[in-house]
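Peer 1: Residue numbers (the working numbering), protein chains in the order written: chain Y, 1 to 445; chain S, 446 to 713.
Just so you know, nobody snuck in bad clues.
Pairs of lysine to aspartate or glutamate, EDC-like flavour, derived with a Cα cap of 20 Å:
hint	chain 1	residue 1	chain 2	residue 2
1	S	Lys570	Y	Asp237
2	Y	Lys256	Y	Asp237
3	Y	Lys256	Y	Glu39
4	S	Lys570	Y	Glu238
5	Y	Lys282	Y	Asp207
6	Y	Lys256	Y	Glu238
Because the hints were derived from the structure by calculation, they are not lab data.
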Amino acid sequence: MAHAEVEPPQEQPPADKGAVPEGGAALVPPEIMAQTLPEYVRGLWLRLKSGESGMLPVILALIVIVIVFQTANSKFLTAGNVINLFQQSAVFIMLGMAEVFVLLLGEIDLSIGYVGAVGGVIAVQLVQPVTTNWPWWAAIIVALIAVSLVGGAQGSFVTRLRLPSFVVTLAGLLIFNGVLLIVLAYGPFSGYPSLTGRGRNLRILYDLMWGHVTPLVGWVSMIAIVAVAGSMMFLRDERRRRSGLVAPPLSLTLIKIGFMAAIGVVLVIVCNLNRANIGTLKGVPWFVYILLGVLAAWTFLLSRMRYGRYVYAIGGSAEAARRAGINVTMVRTWAFVLCSLTAGIGGLLYASWLGGMSNNVNGGQLVLYAVAAAVIGGTSLFGGRGKASHAVLGGLVIGAINNGMYLQNIHVEWQFIVTGIVLLVAVIIDAVSRRGATSGSVTRV
Amino acid sequence: MSESFQDSALLEVRGLYKSFGPVQALTDVDLDVPSGYVTALCGDNGAGKSVLIKCISGIYAPDRGEFHWEGRPVHIRSAHDSAALGIETVYQDLALSDNLDIVQNMFLGRERLRRRVLDENSMEKAAAETLASLRVTTVRSIRQPVGSLSGGQRQSVAVAKAVMWNSRLVIMDEPTAALGVTQTAMVLDLIRNLRDRGLAVMVVSHNLNDVFAVADRIAVLHLGRMAVQDSAANFDRQSVVEYMTTGGLGITSERPASSNGEVQNGAR
Numbered sequence: 001m002a003h004a005e006v007e008p009p010q011e012q013p014p015a016d017k018g019a020v021p022e023g024g025a026a027l028v029p030p031e032i033m034a035q036t037l038p039e040y041v042r043g044l045w046l047r048l049k050s051g052e053s054g055m056l057p058v059i060l061a062l063i064v065i066v067i068v069f070q071t072a073n074s075k076f077l078t079a080g081n082v083i084n085l086f087q088q089s090a091v092f093i094m095l096g097m098a099e100v101f102v103l104l105l106g107e108i109d110l111s112i113g114y115v116g117a118v119g120g121v122i123a124v125q126l127v128q129p130v131t132t133n134w135p136w137w138a139a140i141i142v143a144l145i146a147v148s149l150v151g152g153a154q155g156s157f158v159t160r161l162r163l164p165s166f167v168v169t170l171a172g173l174l175i176f177n178g179v180l181l182i183v184l185a186y187g188p189f190s191g192y193p194s195l196t197g198r199g200r201n202l203r204i205l206y207d208l209m210w211g212h213v214t215p216l217v218g219w220v221s222m223i224a225i226v227a228v229a230g231s232m233m234f235l236r237d238e239r240r241r242r243s244g245l246v247a248p249p250l251s252l253t254l255i256k257i258g259f260m261a262a263i264g265v266v267l268v269i270v271c272n273l274n275r276a277n278i279g280t281l282k283g284v285p286w287f288v289y290i291l292l293g294v295l296a297a298w299t300f301l302l303s304r305m306r307y308g309r310y311v312y313a314i315g316g317s318a319e320a321a322r323r324a325g326i327n328v329t330m331v332r333t334w335a336f337v338l339c340s341l342t343a344g345i346g347g348l349l350y351a352s353w354l355g356g357m358s359n360n361v362n363g364g365q366l367v368l369y370a371v372a373a374a375v376i377g378g379t380s381l382f383g384g385r386g387k388a389s390h391a392v393l394g395g396l397v398i399g400a401i402n403n404g405m406y407l408q409n410i411h412v413e414w415q416f417i418v419t420g421i422v423l424l425v426a427v428i429i430d431a432v433s434r435r436g437a438t439s440g441s442v443t444r445v
Numbered sequence: 446m447s448e449s450f451q452d453s454a455l456l457e458v459r460g461l462y463k464s465f466g467p468v469q470a471l472t473d474v475d476l477d478v479p480s481g482y483v484t485a486l487c488g489d490n491g492a493g494k495s496v497l498i499k500c501i502s503g504i505y506a507p508d509r510g511e512f513h514w515e516g517r518p519v520h521i522r523s524a525h526d527s528a529a530l531g532i533e534t535v536y537q538d539l540a541l542s543d544n545l546d547i548v549q550n551m552f553l554g555r556e557r558l559r560r561r562v563l564d565e566n567s568m569e570k571a572a573a574e575t576l577a578s579l580r581v582t583t584v585r586s587i588r589q590p591v592g593s594l595s596g597g598q599r600q601s602v603a604v605a606k607a608v609m610w611n612s613r614l615v616i617m618d619e620p621t622a623a624l625g626v627t628q629t630a631m632v633l634d635l636i637r638n639l640r641d642r643g644l645a646v647m648v649v650s651h652n653l654n655d656v657f658a659v660a661d662r663i664a665v666l667h668l669g670r671m672a673v674q675d676s677a678a679n680f681d682r683q684s685v686v687e688y689m690t691t692g693g694l695g696i697t698s699e700r701p702a703s704s705n706g707e708v709q710n711g712a713r
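Take the sequences, apply the hints, and build the full model.
Peer 2: And the structure:
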């Protein structure tokens, strides 16, 4: 049967449909098959029916959460509260993006809450004018190098000594909780360093979370970002068409760019509303750009560069990757480095948000929210499936739940319970969709 | 016939030893794998078939022994070394990443880059061409994840991945073990297709139907030693089974001259 017809693989459907396993169509991402918009919608529907839903459930969940809290309290969607919600989510998102690297490998890093906090406290101490008074950029670089070394050390324990990452990073969670306290007490600046004093270096670290650009810059940058991203999508499709490969329909690309522009416009409008109780405070906050920058960088690394391809390959089958000649140990170790590095950026945001550093950091809870953000967004705990953007959606869900319940004066214990339930649902979706894929592979001939 | 390909054997294995702790897996194994022929490697469970192919493909480092490639002595210390020579191995588990698509799997470890970025278009075209040239593809899209393919399709992808690299020797470990009748026929055709391209093909198989269907040469391992290797025409089912189970000691009646002695001489 296989030899009756030779079908060039880019043409479809194949002559021999008998060879395609049941449900096979549903596992194919619609954008790689569809040449027209109706075909795409049909493919998407097939995937949804088979449980391969991508990001749609979490987007729907986010919409439901927003509607519920807005109905309960009309303050929820005010400019001030939305920015506040973004701020609360930013740390979860950044730590979630960190966690994606190790989750993709089927590993976990429980230490990043405290490791990130150590990075934060290093930077905050180094810029203190009364002691070291380092320039802000040098302090940030040193902090990020320090946390990267931590990631490299933990990664080496996991990969070279073949210890379970769960245990190594659980030890890391305790160790760096201690290190945080030691640095606070015996670092160059003893005590609780604050970012609220005078001085340019303090100010810049403080502004990571609290600074913002002018409304005009917000608009210009949004248009520039959408234009660059949109033209990159166009050029990519165009190159595929010129190479004679299947490219997504133009209408679909236009719809995607339209969505992107719409989100950008709404974001800038909300940020440009006056959110101060007294006086004026408007403009897109810096941290939005920081998040977008890290998101773009890690998305590019994971989807367009060789290193990212190896991360997915190892997450899918470490043995296959090893036999393909990939240096699995190196790739895995670097994933821990990148995880800790990103967590360090998250720690900087956290320190900036608090306006300084104290011993009152709950790194254990932060890391659980980070894992939850990645998993709620759609990253698999079992490795091989995930994206940096998942952490953005998941972080927003967690931020929205915390923020909305806080507005409702619902006690913190209920925030924990609701967030836990959301995480549980996300893991169930992950496991069920995974089982669906596996049973599909078992039934294949 | 025996002589002609003995002289031009692409890969010659000489005096290979491999032990795992106290277990002696391979003892003084000689093997010739000529181009343009299908060499079947047979043996009972634990005879050392897998260890032998893993030594050839650089997964295991042998304790002692030599490899000659086109007559020249070579060292195979890693999967990289064997790949550099043109040896590709398709393992029984196929070593595919289910979450990656067909193109990504076929280029895994050897991605094409353009300005340090993955050159997806060029890889996709090359993968499509290879699949088409092997006349094996019934897949809907080569951008679909390998996890969504049927067993025969997965085997085809694994073979296509192996031949893509101008490989000279393709080793297949139990290629038909998990397949039904139709899919088996498809894979056997694929094996003949490779041989007709002038590649050296080595098939590890339990299934004597498949062995006699495609093999030009048969080599039998018994308890880590090479019991016999010779042209397939000099074997019948009965004798292969006897070599597999007894190492050839019990064979006295029909083929008195074709046991170890003659073959070893032919290999020199």
